[in-house]
Each structure stands twice: as structure tokens, then as C-alpha cells.
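> Given the coordinates of chain A, assemble chain B onto it according to the supplied hints.
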Amino acid sequence: MTYAFSFSWLAEYYPVLLKGILITIELIVVGGLFGVALGTACAWARALGPAWLKPLVSAYVELIRNTPFLIQLFFIFFGLPSLGVRLTELEAANLAMVVNLGAYSCEIVRAGLQATPRGQFEAGASLAMSPIQTFRYIVLVPAFQRIWPALSSQVVIVMLGSAVVSQIAAEDLTFAANFIQSRSFRAFEAYFVTTAIYLALAILLRQVLAGIGAMIFPRRPAR
Amino acid sequence: MIEFTIWDILRNLLLAARWTVVLSLVSFLGGGIVGALLLFLRIGGNRLSTAFTKYYVEFFQGTPLLMQLFLAFFGLGLFGINVPAWLAAGIALILWTAAFLTEIWRGSVESVVRGQWEASASLGMGYVQQMRYVILPQALTVAIPPTVGFSVQVVKGTALTSIIGFVELSKAGTVVTNATFQPFTVYGLVALIYFALCWPLSKSSQILERKLNVAHRNH
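From first to last, the protein sequence lines stand for chains A and B.
Going by numbering that gives the first Met the number 0, the first residue of the first sequence is number 0, and it counts up by one from there.
Going by numbering that gives the first Met the number 0, the first residue of the second sequence is number 0, and it counts up by one from there.
Since the hints were made in silico from the structure, they are not lab data.
It is possible that part of the hints are untrue.
[Unchecked claim] Using C-beta positions, here's what the derived DEER-type ranges look like:
#1 A/A3 / B/Y132: 53 to 59 Å
#2 A/A124 / B/R131: 51 to 57 Å
#3 B/L13 / A/S81: 33 to 39 Å
#4 B/L135 / A/A127: 54 to 60 Å
#5 B/G76 / A/V140: 49 to 55 Å
#6 A/R85 / B/L13: 26 to 32 Å
#7 A/Q113 / B/P83: 24 to 30 Å
#8 B/I206 / A/S81: 34 to 40 Å
Idealized CB from N, CA, C, for every residue including glycine.
Isolated chain A, as found in the complex (with noise of 0.2 Å):
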């Protein structure tokens, strides 16, 4: 191998990848709170919800789990327009991962839900609490602390998936390394560096995570 390998790129291409990682950040919040949102809105719809909702929760469930996460993007940034619906790129990627996390977030908080003994219910409708409410202050908060590592484990999996948001030219980090490689004809330096730089976040991300789950439920879980 006479391959010299040079990474004098990074001194004038460094504002690139920063951006990019600012992007990945971004994409990783919005559709982590707003993934889990719907998750666990579905979730209460298929426990407890409407019985007219249970099917469409499953099917939207089952849909999204069983296809590929990149059919997913183009499905909604080139299929959707001809429904009318125009979303820009990063419009477009955030409400991918959004739906995606959505439904696998569903699956976790409903194991969560599962795993709560059926008193709890009983006892919040004994302190005239309605079912919104007992699902709200008694079975959200410990079912949330029960699956925490499980949901926490999934956000750095839809982060780690969001490198192909570059392919419906969403400007992520793995957008600023083919843009990079592309200018720089350094492509192995500028997948080395992406990949180091997305095996950092991972763990960031993992011992933020951590570290919320440790600021939010204190005590160890009830069982």
C-alpha cells in the first residue's frame, strides 16, 4: 500500500464538519422529544385508547418498523409532494425520524405500560382520578423509569440512522463529509474522521442520556 495519508484538509474544511455535527445535534433533539411524544401517545392509544384507534396505531407501528428507515425519507420528501405537501430537506428529515422513532418508541413504552400492575390503574380511579390522569401522575413516570435504558439505547440507534438524511441532501455531518471528500479527493480521511466524530456523539449522547434518567428519577424503580 503507497497511500499517504493526509488530514491537512481539516484546517480549512473544519467549519463544514462543525455545522454538520450542529445539524446531527439538532435533528437528534427535535426528533428525540417529539419521537417520544408520539411514541408514548401511541403507546396510551393502543393501552387504553379509542377501539377505533387500536388498528391504525398497530398498522402505522408495524409499517414503519418493518421497512427501511431511507424509504421512509424518500417516501416523504419525494413521494408526499404530489399529495401537495412541500417540506423542505430539513423539514423533511426531522419528520422522518420523528415517525420513525415514533413507532419504535411506541413498541418500548408499551412493554413499560405493560410491566405496570393492573392496582396501579385501580388505584388511581379509587382516588377519583380519571384515566387520563392516573396515566399521567401514577403509571407514565415509573413505566418511563422501567424503560429508560431501552428508550435511551433506541435515540442513539435514530441517530445514528439520521446519516442518511444526506441523501435527500438534509446538510448533516455525513453531508459535510461527502462535500468534503468531494472537494478534497481525501474520501477515506473524511469517513475516518465522520466516523470518529459519530462514535463520540454515541457515547455523548448515551451518557447524557444517563445522566437525564439519573436527574429525573432519583429513587431506584418500585417494584
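Coordinates of chain B only, in the frame set by chain A:
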């Protein structure tokens, strides 16, 4: 302008879906073999091999599959080989699958209670005999549902190989869209074909999990 019927579109997509199936099978089988080797390095090996497999898994689970594909595609090229897309795709997917499978299987082996190792050791069994007759048969029932479930991720993972230029279902979707200007129909059909491939796998994973009900057997 040429008119395309739904059947024209579907036929071309299905022809390309063959390559999705082939790549999925190659990745899953290859990943299974590499994953099994890594498993033995992880649980039977010394400190060095344990550390190696740990970092291996951390790398493949902590970075995007797309980046791994790019690195394989451009990295192999550094050795002066002209790398076809299918080769880079196959290698990256095999290594990626191996990382996840070895982690699933390690969990399964560790779920076999400690006393089983001690009981078989007290019967005078060696390491290989313990594995062959006591640990692996029990670990296998734990491992099967998540392994089948992971095969869904492999099928979905093959979609990314379209980005480095391997022509499979997703790439065919893009090509057909460019010819027909019907992205809604084409990507809808692509999604349905993926669903038809993945859903039976997800369902059988769920059914196996219920049937084997292994989570509560040891207690």
C-alpha cells in the same frame, strides 16, 4: 412519452428485490459465522481477545452503518484494489451483522445461570463438553427469537448499500422514479416489498419468543 403501468414498475422492483434477498442472506450467514468466532473469542478467550471483541462491538454499534459502508468502499480502494460496490457492501454488512449477533449471543450464554457451569464442571466435563452438552443447548433457546428479530435489521440495512451504488430494491426505486416521475407510487411499492420481506420475520420472532417463553424458565 412512454406510459408505465403499475405492473411495469412492480416487475422491475421485484427483479431488483432478488438482490436485496441475496445480500441479506449473505450478510446474515456470513455475519453468523464471524459472530460465532467473535463469541468464542469473547467468552472463551484471554483478556486481550475479550477486549478486542468489546471494542469491535462498540465500534460497529456506535457508528452509522452508512459510514461503515463508506469506509469499506473507500478503505479497500486504498490497497489498490478496484472495489466493486457488491464487495464493499457484503464485507461491511457481514462485519456489522457479526457485531450485533455476537452481542445477542453473548447475552444468551450469560443468561445461563452460573450453577450450570459449576454442575457440569463437577461432572468432570471439559470446556468444550460443557459448551456442547450443557450451556449451548440452553443458550440456543434464549438466542433464537432475538436472532430472528435481528434478521429484520439486516434486510433493512441492505437498503443503505444503494448509496454506495449497489443496485438492489432501494436503488431500483430511485432509478424507476427517475424514469416514471411517480415517486409516491414507486416508493410506496418499495416500502410494501420491504414490508413483505420483513414482516414475516418480525412476526415469527414474536411467536418464537412466546412459544419458547425462555425469559422466565430458569427461575
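> Determine for every hint whether it applies to the structure shown.
The hints, checked one at a time:
Between A/A3 and B/Y132 the Cβ separation comes to about 54 Å, which falls inside the hinted range of 53 to 59 Å. Taking the beta carbon of each, A/A124 and B/R131 are about 54 Å apart, inside 51 to 57 Å as hinted. Checked against the hint of 33 to 39 Å, the C-beta distance between B/L13 and A/S81 comes to roughly 23 Å, which is inconsistent with it. In this structure, B/L135 and A/A127 meet the distance hint of 54 to 60 Å, their C-beta atoms being roughly 55 Å apart.
Between B/G76 and A/V140 the beta carbons are some 52 Å apart, a value that agrees with the proposed interval 49 to 55 Å. For A/R85 and B/L13, the hinted distance range of 26 to 32 Å is satisfied, since their beta carbons lie about 30 Å from each other. Here the CB-CB span from A/Q113 to B/P83 is close to 47 Å, at odds with the stated 24 to 30 Å. In this structure the supplied range 34 to 40 Å holds for B/I206 paired with A/S81, their Cβ-Cβ distance being about 38 Å.
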